[in-house]
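Asker: Chain residues, written in single-letter form:
There are 4 protein chains.
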Amino acid sequence: MVKVGIVVNREKDAEFKLTTEIVKWLLDRNLCVYVYYDLGIKNNNLICTDKDKIYRNSDFVIILGGDGTILGVAREIQKYNTPILGVNLGRLGFITEVEINDIYNALDRVLAGDYRIEKRIMIKADVFRENKCLKTFFALNDICITRGYLSRMVKLDAYIENNLVDTYNADGLLISTPTGSTAYSLSAGGPIVNPTLDVMLLTPICPHSLKSRTIVVSSDDEINVVVDRSQEGLIYLTADGQEGYELVGGDLVKIKRALNCLNLIKISNRSFYDILRNKLKDR
Amino acid sequence: MVKVGIVVNREKDAEFKLTTEIVKWLLDRNLCVYVYYDLGIKNNNLICTDKDKIYRNSDFVIILGGDGTILGVAREIQKYNTPILGVNLGRLGFITEVEINDIYNALDRVLAGDYRIEKRIMIKADVFRENKCLKTFFALNDICITRGYLSRMVKLDAYIENNLVDTYNADGLLISTPTGSTAYSLSAGGPIVNPTLDVMLLTPICPHSLKSRTIVVSSDDEINVVVDRSQEGLIYLTADGQEGYELVGGDLVKIKRALNCLNLIKISNRSFYDILRNKLKDR
Amino acid sequence: MVKVGIVVNREKDAEFKLTTEIVKWLLDRNLCVYVYYDLGIKNNNLICTDKDKIYRNSDFVIILGGDGTILGVAREIQKYNTPILGVNLGRLGFITEVEINDIYNALDRVLAGDYRIEKRIMIKADVFRENKCLKTFFALNDICITRGYLSRMVKLDAYIENNLVDTYNADGLLISTPTGSTAYSLSAGGPIVNPTLDVMLLTPICPHSLKSRTIVVSSDDEINVVVDRSQEGLIYLTADGQEGYELVGGDLVKIKRALNCLNLIKISNRSFYDILRNKLKDR
Amino acid sequence: MVKVGIVVNREKDAEFKLTTEIVKWLLDRNLCVYVYYDLGIKNNNLICTDKDKIYRNSDFVIILGGDGTILGVAREIQKYNTPILGVNLGRLGFITEVEINDIYNALDRVLAGDYRIEKRIMIKADVFRENKCLKTFFALNDICITRGYLSRMVKLDAYIENNLVDTYNADGLLISTPTGSTAYSLSAGGPIVNPTLDVMLLTPICPHSLKSRTIVVSSDDEINVVVDRSQEGLIYLTADGQEGYELVGGDLVKIKRALNCLNLIKISNRSFYDILRNKLKDR
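Protein chains in written order, with the working numbering: chain C, 265 to 547; chain Z, 265 to 547; chain E, 265 to 547; chain H, 265 to 547.
For the record, the hints were derived by calculation from the structure and aren't laboratory data.
This one's a predicted model, so the numbers in the text were calculated from it and none came from an experiment.
Everything hinted at is true.
Pairs involving identical chains hold if they fit within one copy or between any two copies, as the list cannot separate such chains.
Below, in silico cross-link-like pairs of lysine-lysine (DSSO-like), each with a Cα-Cα straight-line distance of 30 Å or less:
| # | residue 1 | residue 2 |
| --- | --- | --- |
| 1 | Lys-520 | Lys-383 |
| 2 | Lys-518 | Lys-383 |
| 3 | Lys-530 | Lys-383 |
| 4 | Lys-545 | Lys-518 |
| 5 | Lys-267 | Lys-315 |
Let's have the full structure, built from the sequences with the hints guiding it.
Answerer: Set out below in structure tokens:
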């Protein structure tokens, strides 16, 4: 019995109107459906549980929302390798796959096996203080180390394995996946990267040095970022701009490709470049 | 009787060694000297008072430190129009005029009237909330409106007089003087401006729109920046990166040229471009 | 008797259809009209003469075409100080003032004295070889010194008066007016400048040095560009991208504000920033 | 018997002083040496022949010169897969491996088998006109399609396979290898790419559109660039900035990874990032 999870951005589906409709559609087809909010539907095949169980037990998860919603899910679902189908409730996204109008057609195709999986690499950042790993973050787009608003600059050394790449005095340093190349990285001056490439980007944000540029490295590389011991003022690590953590001078952040990818269910034949031109038009 | 004020960056002159030496040199020449720390010197011509009185009463003020020290003084001294002589205790600066080794030669020339005044425009920012001016800031370099580290973006409309210039979704928006063009503005991608020009720069920081560029406007223009009412998360105004203030959605920031300039005492014939090439070499 | 000149971009007015119509409208109002092509109209007030005489004798000149058409006229008309009315036959322009649909309304207002003149500074470039001025160019947008397609780089020193600004190894060096800031200069990474400011921009094109940035200088400054004697390969000066001249190693190009401005007849109250947002939308 | 070719940048080794010394060193060790200029040495193991034979028959080729010299050799040697040892006669290069002072130590290590081969991808460009391939170019750094100095812009469509990437109105379009990312591409605003990655970069040069950015694609992709039929003025293709070809409207340029790589003999353990920081210091 196929198990389908549903996660929704509640701001975009007031009173679960769409969600309820989709759940009913799925239950009508005798599928097992996982949700984490009470929809007031009685059906033995409808299981209301926590997000973690949805991500672990579903055969695939429908995400109703936008790219931002997917970022939040991606960081949590990646460890289970469960594929997701991104359904766009707002404007055309880079990661969401289908428009809400096309959802039943899309689900028919998924259930018929008529789809492919596109793997997107994710990155993992371990924060070390005094040789102890204090915290681990995952990101689909990017890990950013950034100054507080009254701190002058972050002072960082970045290494690939043990090779010093550069010393940064900047507003921040952004380590981005190809998926993240069209997000914050692009605003910071980075290049656009085909999302299927096995690379990561290091992009300084407002660097003091005029010579600093984005550096494209292999996704097999381990990037080590060391906060200078003389760092003054507040400094933070953020994951996908959604989770934050305060760093201090001397901290080491080890960034590498996460073990698992995000598995995107792809149905359409839209090329990445079509989406790109479309999205950049308004940007 | 000539009255000379002295202000020092204490981190760069431990135990006031240099300051004391310079004060003695001035007192030996029968000048009246204003300081705001107790140097343990007994002399009727040495007046220990607060900074504000120094700035108001001195014929000119010696600033021992770097460009950062001058920024702090400039915001306070501008209302008295008192000229300053910037003495460089660290690396060559854009604004400091003489190296510490040349100070007595420089002072001889100032006292002999052998100098000129270079006027640097400053900017003034008034923060309005519900039509009430809550706070006023001055800046020699720049006024920045910037997001907190976990806020997604600032959402701002900028107007010149009543004409909409642009709507910004960005990490921040920087309004800079020509003096500030070689500071943070340069890291944010702005052009270099001859410091004697009567212009201001509007530079978006990491704008979402790829079309946003620095806009150079007249220093006679009034720039009105309105924080969008839908603004979420923390957002701040900073003056010269040294003073901060929290803004909220709907706030209006009126930015215009300050009534007074900073009066820099100039002795050398170094052109701005010589300093520029020198400073950029290491940047 | 008011004398009106007309110049048209012939590609945009096949068989002079529009031109003829406008000429008749003017003649009907008993104005004296200057054209430089035979329209087949018999009228004592219609004078067919060369462009130079049109520019010299007209009270104002109507230009039918686009910004490119105006560039060509500007370089020639500036010495006579004759105002122009730019009429847009193509897409909305930065310099053209009225759409073709509004032309008669606009002419009524001009003839009634209900308009203002906006002065746009132009630049003049004198090419010196062995201390002899070989050639003089005028430009409304920009003067560019640029390499041939197989030359490696231009090697130039730029001076403001006698002060070295920078040494450039680049594809080219662009000196632009505020009017030109939204043309080629913008593509080369320069800032947008309010067209009424008295400044010029120096922008390196694809500089080898990563530290090179646009420099904003006073329009009273004289910019001297010296081609390095070791320059290899072909190198050219272009004015507004429309006129060219081959330079050689050792040449000196003196660039300064032209004595005269271009006098634009302004009728609308569209702000520069409205036009800017409109034009950048598609760019 | 080991066969060693030598190619030298004659401007950097006047009268073949260094070349002769190295040739003698090799002959003393009973190696067979290939050169293409008469050094006036009599030795049966010294063969004077044309470049093509040197490239084909040598076990490896010593290149005395700089990165520019290697570019010229790379385009010709790639078809034979013969490794090269780049010896730096000028300033530290990105591609040259040893300083001239270290050459004998380096040769000892090569002859002892104590080295590794670093493969650098190259690109191949076929020019098609009316479905006929007129000309093929190879490049280690980049293929550029660029306008003549008086042409307004190139008008190009770029496709990955059959997917339109973007339509470019620009000074040019640069397709670069990772090796080329630190050459012209960097001046045009492109990112720095680790030279061992399997990617290519598309970078517009001074694009009219402010939204155009470098796009990083897989080196397995075929990039098709079509010159717009309405293209006016002269337009050229250049390979590594050293070879040129005139294009016309309607031409199709097919660009893909060349079958063979350039095989660089590596001896030192300098990381790419060490070289990078060193080279950018002066840039």
